[in-house]
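From first to last, the protein sequence lines are chains A and H.
Using full-length UniProt numbering, the first residue of the first sequence is number 1, and each one after it goes up by one.
Using full-length UniProt numbering, the first residue of the second sequence is number 1, and each one after it goes up by one.
Treat the hints with care, since some could be wrong.
What the hints assert, rightly or not - Some chain A residues close to chain H (C-beta under 7 angstroms, calculated; not the full set):
#1 49
#2 71
#3 131
#4 214
#5 217
#6 318
Honestly, the hints are just simulated from the structure, not real lab data.
We put the CB at the ideal spot given by N, CA and C, even for glycine.
Here is what each chain is made of, one letter per residue.
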Amino acid sequence: MVSASESLPSQALPPLPTGQRLRAWFYRNEAVRGYLLLSPTLLVMIGLMIVPLVGMVGLSFFTQTYVSIDYTFTLNNYWTIFEPSDKAAHFLGIPFYLKKPIYLLLLFKSILVSLAATTAVVVLAYPMAYFLAFRVKRHKMAWLILITVPFWTSYLLRVFAWKIILGFNGVINSGLVSLGIIDKPLEFLLYNPFAVVITLAHAWAAVAILPIYVSLEKIDRSLLEAATDLGDGHLERFLRITLPLSLPGVIAASLLVFIPTVGDYITPTLVGGTDGIMIGNVVQSLFSKGNNAPLAAAVSVVSMMTITIMVCLFLWFVGRGRLSRREI
Amino acid sequence: MKRPSSVDPMVGYALFYLVFLYGPVLLLPLFSFNDSIFVAFPLKGLTFQWYAQMVENDALIHALGNSLKVGISASIISTILGILAAKAMTRFRLPGRGVVSGMILLPLVIPSIILGIALLVLVLNVFKIDPSLYTIIAGHVLICVPFSMLVMMSRLEGFDKNLEEASADLGENSWQTFWRITFPLAMPGIVASVLLCFTTSFDEFLLAFFLAGNEATLPLFIFSQLRLPSQLPSVLALGSCILGVSFLVVFLSERLRRIGLQKKPAASAEAT
Numbered sequence: 001m002v003s004a005s006e007s008l009p010s011q012a013l014p015p016l017p018t019g020q021r022l023r024a025w026f027y028r029n030e031a032v033r034g035y036l037l038l039s040p041t042l043l044v045m046i047g048l049m050i051v052p053l054v055g056m057v058g059l060s061f062f063t064q065t066y067v068s069i070d071y072t073f074t075l076n077n078y079w080t081i082f083e084p085s086d087k088a089a090h091f092l093g094i095p096f097y098l099k100k101p102i103y104l105l106l107l108f109k110s111i112l113v114s115l116a117a118t119t120a121v122v123v124l125a126y127p128m129a130y131f132l133a134f135r136v137k138r139h140k141m142a143w144l145i146l147i148t149v150p151f152w153t154s155y156l157l158r159v160f161a162w163k164i165i166l167g168f169n170g171v172i173n174s175g176l177v178s179l180g181i182i183d184k185p186l187e188f189l190l191y192n193p194f195a196v197v198i199t200l201a202h203a204w205a206a207v208a209i210l211p212i213y214v215s216l217e218k219i220d221r222s223l224l225e226a227a228t229d230l231g232d233g234h235l236e237r238f239l240r241i242t243l244p245l246s247l248p249g250v251i252a253a254s255l256l257v258f259i260p261t262v263g264d265y266i267t268p269t270l271v272g273g274t275d276g277i278m279i280g281n282v283v284q285s286l287f288s289k290g291n292n293a294p295l296a297a298a299v300s301v302v303s304m305m306t307i308t309i310m311v312c313l314f315l316w317f318v319g320r321g322r323l324s325r326r327e328i
Numbered sequence: 001m002k003r004p005s006s007v008d009p010m011v012g013y014a015l016f017y018l019v020f021l022y023g024p025v026l027l028l029p030l031f032s033f034n035d036s037i038f039v040a041f042p043l044k045g046l047t048f049q050w051y052a053q054m055v056e057n058d059a060l061i062h063a064l065g066n067s068l069k070v071g072i073s074a075s076i077i078s079t080i081l082g083i084l085a086a087k088a089m090t091r092f093r094l095p096g097r098g099v100v101s102g103m104i105l106l107p108l109v110i111p112s113i114i115l116g117i118a119l120l121v122l123v124l125n126v127f128k129i130d131p132s133l134y135t136i137i138a139g140h141v142l143i144c145v146p147f148s149m150l151v152m153m154s155r156l157e158g159f160d161k162n163l164e165e166a167s168a169d170l171g172e173n174s175w176q177t178f179w180r181i182t183f184p185l186a187m188p189g190i191v192a193s194v195l196l197c198f199t200t201s202f203d204e205f206l207l208a209f210f211l212a213g214n215e216a217t218l219p220l221f222i223f224s225q226l227r228l229p230s231q232l233p234s235v236l237a238l239g240s241c242i243l244g245v246s247f248l249v250v251f252l253s254e255r256l257r258r259i260g261l262q263k264k265p266a267a268s269a270e271a272t
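This is chain H alone, in the form it adopts within the complex (with noise of 0.2 angstroms):
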């Protein structure tokens, strides 16, 4: 069928896809220590002054503590609201399941511009208050939500409900269980949903820009920065430093979703 000497065809198309990915995400890091201005070939020295004025830059920092602000608060409220609808869905016979679902998953399929509009005209001419870090926070949540729940059903839906059901005939309430049975068994599920809405409420850009006022966000700050020339290459930095840490998040939770991975036989041989 295949000469024995040939290379398979997919790996070398695999091998393009992977340098299409990488290579324009790849340039940041490789510019950010270059010796000039001008993000061109070809590179001059290596220099270490552009992350110097990285940290030094105050408007910086500020940015990045609102992003640190804005995505703990929402990844935490996210990840309660999540769970609880996916254990509403998963454990209970709910009429209007469909409904109630499409629902929560819609800000997924709608364009977060509308989003962000809708969102503006109910602060602004419904409670007639000044945008703020708490309306980006609520746009967050927003669209946080329904990756929060998707995780948190899948996780409840992983492990034998029957765990619960005992611990109730064993004479438990329903806090008790939750605190004692689901709870711990659903933890690497939340760990991935409060990572996962970080993620998604640290890089999100066009709800914060309609309903950031005087704050910014990190992306927001980015964004305006992107406009300066001189400030070009203290961008670069800032977001050779945002792929180092996302590198290291991706690879932490992998090594968490393992975890709970091999957890799960060994729960499941006990009970059996």
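Isolated chain A (complex conformation) (with noise of 0.2 angstroms):
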């Protein structure tokens, strides 16, 4: 089409005016037409995200006093978390008696917790992956909706479910006092970060399932021939072939569950206690009760970029060693 009019004699074309020269070009050229497309989408994700984070990201310069808030520049609220303070703890209810910067504290405990969380969601969903991609023949999509269906409920009564099973008088006390085999109940399982930790494993089960699946399903079979026919064991075989190819899967899998985890709410909330408080708590609580808006801003700012930093390095690390393998 281009070629077309390209091809004829320019004088066959008598020039445009330019408005409708550029209506013209404006109607024609892809891109144009493309981002007029997307525009109310774009616009919606600007208005809603974009915004507000830059927003947040301005309120944490500045300070609270009492109702309204001083739009002076600031790097105070900056300091207050790296700054060593008994104030905080005391705040948050918790027991520190030494003087740490506490909310960077609970923020590196929020990233251990999720971090083994992570571990503990891919480590148990990896097998169940496998199995799915290489000994179920058939009835495959009835066993990815059997592992889907429990994360259609809610969330909110997944994590509780884990509150009547480990509590005081909960599923486990209960039950090994009726069959004798306690005669009290049990404290230490409700309130702490383990119990955070295995609540999250079942919590986040089928968003690491689905990426490893995937991941697993896509190898080529003829290659793990191939290793069987050049002698490779089973354990080999998975090692070296296997396991390398899903890595994606894990990778995003890893990310999937890590990044939402960090900042989750409810989870620490309801079986977490104060042992297992999390630095959503901490930010939620800065924002409500602590009448605090810019210091919570601040320090969802420094746990956005703690994220981000470790999720680069994380990947930096994860595609070096991948390059490094191509290179043997």
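Got two chains here, separate frames each, mind docking them using the hints?
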């Protein structure tokens, strides 16, 4: 079509007035039409996400004065986060008697809990995904649905179910007592980081299984046959072919579980107790109970930066590892 | 290689995993019929009183209504935005495509507590309006658009683009092409997107927690009830109902998806 108009002698087309030419270009240009179609979505995303996030970063440089906000630029909120203080510990109801940068400490702890949960989710999900990809021959779809159905039920209630299981008068304790195995309920089951980890491992299972399953399913089966023909045993075949080739799925699963769980609020609130408090709870209580939106914003910014840096480092590290393997 | 009588250990693991997945979830219906206010073994008698209590709870019914309003609005708005974005992404060569798609998918990787706070700051300080159901809808649209765009992109890439071009060649304008070709072919994807967005919105807690004024959605209501031991059994009854409806929705959407898949080979056979 473009070539047809080009092959015509130029005097056959009288030059159009500029306005019409612009309009013709406008309607024919693919990028313009594409962006026109995209503009409502883009505007909504900018308005609901970019503007608020930028606003939050801006807010983190201001100070809260009782009911209003003092709009003079300051780095005080960031000093508060990095500075050792026991006022913060007192505010959060945590018995820390030593002066410590409490917000950083809690961020660090959230990351550790989230990393533990991610590891648990991926380690538990991998064999299941492997089973789906390599052992299930018929009814694959039925198995996939079976695994994702619990995921579609309320997150809140899935977390709550663990409170019922691990609680002082919960299922495990009441079961063990009525069976006569213990005579007093165990107190250490609920309200600790371990309870948070196991609850997260359960709640995020489906999120991890699916990407791992997809990458396992993609593996060319003839590679495995070739490995067997060349004398590899089951374990060698798994370590040298299946595992490396499923790594993209494992990476995707890790990120999909790690990123949202760092900022989780429900699980630490319901099953974490004071000992299982995470950065999401800190942000929330600073915002509402503490009435200090700028500090909450600063804590959010620091958390977001930390997560982003960790994810980039992780991807860089994984990418480098894979490059070096390719060189060999 | 394998001893003929041995059971595959993978099957054992799969069964263990299913117990791990379903055990906690199935406790909800189990205890919702238990004739005791305490959620503990041994079970007492069988009762339906918690379900009766649940139906009579006005606050619950109101929260359910709110959740339906928010879910329906958010899923329709997000799906429309998702269709537009997916069509632009799959049908046009866009400069800066990676940046745009990255931006639309960004809410998937930002912890929702941060999105919630950022939106609340905007609502309170810039627009100076009170949080309401509308602000919850806005928050839910934000997190549903990425899902919708992904679903719609895979659906739009799934059918033959030539059908659209043929329609344009036969003299239809772009709106007619959209209504008569793209829309019907994309229908299973649209239904899937609406269902996915609705379930996401229906279950979403944190954004609603920040952006709700006096109006509570169902997760907010459940959260408020979890602190009151006397309300626990009716929360379990409610949870069982949500569980049942979720099973039904997943089952139906899977059926729908299959209908969509069965139609596809037939359509391409006609085209060839």
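Practice item. Report the numbers of all earlier hints that the structure fails to satisfy, in ascending order. Key: Hint check: 2, 4, 5 and 6 fail, others pass.
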